[in-house]
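**Q** With the hints as a guide, bring the two chains together.
If you read the sequences in order, they're chains A and B. Quick note on numbering: my numbering labels position 50 of the first sequence as 50, and the sequence is numbered without any gaps. Quick note on numbering: my numbering labels position 219 of the second sequence as 219, and the sequence is numbered without any gaps.
Incorrect hints may have been included.
Residues on chain B that point at chain A, a partial pick, calculated with CB under 7 angstroms [claimed, not checked]:
(1) 237
(2) 323
(3) 352
These are computed hints drawn from the structure, not numbers from a lab. In this text the structure is predicted, and so the values were computed from the model without any measurement. For glycine and all other residues, C-beta sits at the position ideal for the given N, C-alpha and C.
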Amino acid sequence: MNLRMSATKKITLLISAIIVITASVLAFTNAEPTVNEIIQKAQDKMQGATTKGTLKITTIRPSYTRTMDLKMWSKGSAYALTLITSPVKDKGTVFLKRQKEVWTWIPTIEQLTKLPPSAMASNWMGTDLTNDDLVKESSMVDDYTHTLLGKDSIDGRQCYKIKSIPKENAAVVWGKLISWIDVKDFIQMKTEFYDEDEELVNTFKASVIKVMGGKTLASRLEIVPADKKGHKTRLDYLSLSFNEPIEDNFFTTQNMKKVN
Amino acid sequence: MKPKHKVAFLFVLISCSATAQTKWKENFSYRGYVKDLRLISIDAKGHTLQQNFIHNRFNFRYQLKSNLKFGLELRNRFFYGEFLKYVPNYGDQLEYDPGVIDMTWSWINNREFVAHTTIDRMWLNWSNDKWDIRIGRQRINWGQNIVWNPNDLFNVLNFANFDYEERPPADALKIEHYLKKGGSLNFGYKFAKKWEETVFVTMYRFNKKLYDVQILAGKYHRDAAVGLGWAGSIKNAGFKGEATYFEPIMDSSDRAFITSVSVDFLMKKGPYVVISTLYNTLGTSDLNKLLQLTPTAGGTLDVKHLMPNKYSLFVQAGGSVTPLLSLNLAVIGAIDIKGVFMMPTIAYNLKTNLDLNIIGQSFLGDSDKWRFLSNGIFVRLKQSF
Chain A
1 MNLRMSATKK ITLLISAIIV ITASVLAFTN AEPTVNEIIQ KAQDKMQGAT TKGTLKITTI
61 RPSYTRTMDL KMWSKGSAYA LTLITSPVKD KGTVFLKRQK EVWTWIPTIE QLTKLPPSAM
121 ASNWMGTDLT NDDLVKESSM VDDYTHTLLG KDSIDGRQCY KIKSIPKENA AVVWGKLISW
181 IDVKDFIQMK TEFYDEDEEL VNTFKASVIK VMGGKTLASR LEIVPADKKG HKTRLDYLSL
241 SFNEPIEDNF FTTQNMKKVN
Chain B
1 MKPKHKVAFL FVLISCSATA QTKWKENFSY RGYVKDLRLI SIDAKGHTLQ QNFIHNRFNF
61 RYQLKSNLKF GLELRNRFFY GEFLKYVPNY GDQLEYDPGV IDMTWSWINN REFVAHTTID
121 RMWLNWSNDK WDIRIGRQRI NWGQNIVWNP NDLFNVLNFA NFDYEERPPA DALKIEHYLK
181 KGGSLNFGYK FAKKWEETVF VTMYRFNKKL YDVQILAGKY HRDAAVGLGW AGSIKNAGFK
241 GEATYFEPIM DSSDRAFITS VSVDFLMKKG PYVVISTLYN TLGTSDLNKL LQLTPTAGGT
301 LDVKHLMPNK YSLFVQAGGS VTPLLSLNLA VIGAIDIKGV FMMPTIAYNL KTNLDLNIIG
361 QSFLGDSDKW RFLSNGIFVR LKQSF
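If we strip away everything but chain B, and leave its shape as in the complex, we get (with noise of 0.2 angstroms):
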């Protein structure tokens, strides 16, 4: 498509939904967010870079039939300032969608100003009191664990992306068929241009004695994969984990074993606290990886590479101070390769719908002595509708 016929593409869909909310008022629904973000990036040698952008999400519903539901959800996002200058082909990167159908587009795209739009839910779910089936890009969260999910094959987080809390979709269909006492079975297709490319699992989940548990089986890209995971609780604490041991099926690729063990308490007065750890047999030494993980890399991940070096710790403390504002303080160790991720947050939620956040990102490393590789600040108002 030009990109004029993307932007018209854009006005009509958007005017379609529109009308239909006049029209068919009583099944359609939508909602959002508009966020303005501000980055200010500060490298190891004291360069700083500016970025500016605006993020606007639509989520929109329709219910076409009491069991079957139309789910649709874009992301618009406009970026301007210095950094453009410095990353020229920016709009180019962002073009790529690695989805069946190409849904994205960068539909202005200069050095001053890159427009993009990406469609990154649609979907149609169909359910009754024993089945739910949704096929289309989707996200398929099976994860238990909270911040690092070896299970989660499908959509993959990385935790410094703080900004794409929806997470990259996947064009798939997934089936889950429920079980007595909540148990239930389910099957996940990611579909993918290249058979290499493809995954499908399946998974069964039950409780029993107060913890939920999963075990899954599959093919992920190039591998076998087996995981097992599960959330209880030792005492008044949460106790969480996942694993997963993938085998290669084809060449190029990796054996790899990734498990993730968790712990998350409430304090009395005082603040949630959450503990993880991470081991990744495929972890390596380099410590300028962990910069990987910056939004501004472009911060993707796979569930291999969860992070890039093998033992992690991840420590989190934060709660409400008063009902408007909260602090949060999180720290990742990347242990064997002497790197340190810290991430304070303040959210102050200005008016009902209006939110904003002062968020920290520094990453430290000790190659011969500690000093800072990176710091990012980031200043976002958030309004929601």
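In isolation and in its complexed conformation, chain A is listed as follows (with noise of 0.2 angstroms):
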């Protein structure tokens, strides 16, 4: 029971997590002008598309990495379902958001857990960043003020590079971010996160670039903590497609249970 919630909650923050970075991926495609502009293109972009893919995650630490498969679908913000592939102890566990709730299936108990919903907003499996600020990125558009510093080169990609502060009533535990947009595909390749001090907490990494589901788009993503040495997490997107329609009924707690 204790060491399923573990594994349940482990599970859950890390789909969360997933979830918008994956919205993060499909973000800033064909846009231009004003940095406001450039973000708000990124938030329509995650309305109303619906997503399929396989992923990899790895985490990695000085003496060893983890990997965890998955499979998901997506569609607009408001439905996910994800299934484990593979570690084979976690295999065939599935992960239902469907607008504000959360539920987990485990089948190896044949059990159908509702999360709460703090289950979104915490900390994902106590490793490199916290789950809340990946769902937060999602609402970037509400919670900070842009500002277009200039331009810079990311791995030999050109790139804009934004400054967000965030609004005062905002509910965002950064104090500032600096992300780096590829000017030509728009896509996110680097961003900062800085805390209240100014300290740096995180660094978000964008890599391997290439056409996936008919989109030009950074298939590796990492995540390395400032003060952990040899401390990352890495996403691969092993497969990706995009806008195949998906019924709402997909994204039942009945559907948990035949994804499998």
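**A** Next up, the structure:
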């Protein structure tokens, strides 16, 4: 029971993070002018679209690594369903987000559990970043004021460099974000997360740019904490497809038992 | 069946399954684990007792048609150690199969060694986009609540019996009909040799205003039963509960009302916390009955006795310290009988599919003064495949 809970928690947090990261991959495609429009475009891109994909998450520590494979389906920002395909002990575990509600299904004990709303706003596997920050990233337009600082080069790609400061009332833990967004393909190449004392906490880095599901995007995303040497969390998209029709009733608790 | 035949039967079963894998690889799948579990228990007088066993589980699936699936799961357990000398008929105790068909065997049964096999799932499942029907030995899990499930009239969990997370089965028929917006109409029938051991229940489940709600009514053993369950939230915390009322319709049964209400939440950068209460009108005031919960005592309960006493409080906090290490502490207070059950757990992931668990279980009670009634330390290695 307690072991299961801890596994459930891990998975939940992980998956909420994935949904948001996927959303950010979807973002930034064909905008230009003002910095707010770039960010707004990103928000709009996330709405209404469907995504299907397989991905691998690697937790890297100085003395070990662990990987997890997942399949995911999402529709807009309201619906998401994720299935763990490895490691074998978590295989078949399904996570469903439907509007504001979240459930997990653990096939080995045939248990459907509804998770508390705080599951969406908690730390992510106790590791490199807080889940809340990732979730909040999806509301960047509302919660931050953005300033275009100029242009810069990341991995040989010309990028907009944008500073984002949280608005006064926004429930955001960060003091400041600095993002680099690719000028040509609007790929979020890098983001630095600073705390309220302007200390660097995490760096988000995108790489391995390729065409997936008809879009040019980064297939590898990494999060590196500033103060922990050798710690890193890596997310690799193995396949992605966009805008294939998915019925709303795909995202039901009944279907959680059938996607295995 | 004679013991030898039983062994032969098992080998045939496993080798059949192995053949199936190569022959119909596409439709066949299996998974499982092997656990090595060591228990040292210390009773109130300070006597220690050691129990060792190896626990292996297979979960087999075969997709007969696109909408028809067969499932078979079995657990093999091999017991050894001094414990068997003190409980000489342990193998016989395990031999009992509460189902309609006996699929439980202690195929080696002596004072040094007990080898035991039980098929605890064997079902056929048919489904389409409106219906899901399963017949056979299965788990019917209708609980919404976290620790105690008064609505779970088919399979009951004893929290202390952590090594059987799949839970005992029911030989049953389960029908689920899907309704709009994730709602469903459900029917479950648990077969039994005697009428007074059968269970049949109809349940309506729906989702409204961010709440999962279920209403159920049926027959449970010698009683008529009605129940309500929900899972929703208050602010950022989960708010869940279940209540069931039992009214005797046959002799020698007791009227009962059992309810449990829970709150759970994840603290930011902190643990996952569960707080739950249980009220049972049938609870007794006998402190010693608390020890029924220990896994070595059999650890079986029924839905009318989720705890042996009346008022209980459960508190649990736990979470990941690193990606490999998680810690957890669960405490049950049997308030009215001044009893406490504590279960701290350390879980460490040694390799991708190899987990180490160290689990403590302590029962404390206050009959005249507070003292330990029983302590146990479990060390478990689990290899998943």
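**Q** State for each hint whether it applies.
**A** Quick rundown of the hints versus the structure:
1. Interface restraint check: residue 237 of chain B against chain A, minimum CB-CB distance 5 angstroms, threshold 7 angstroms, status holds.
2. The interface hint given for residue 323 of chain B holds, since its Cβ lies 5 angstroms from the closest Cβ of chain A, which is under the 7 angstroms cut-off.
3. Taking 7 angstroms as the C-beta cut-off, the interface hint given for residue 352 of chain B holds, the closest approach to chain A being about 5 angstroms.
Violated hints are absent here; each numbered hint is respected by the structure.
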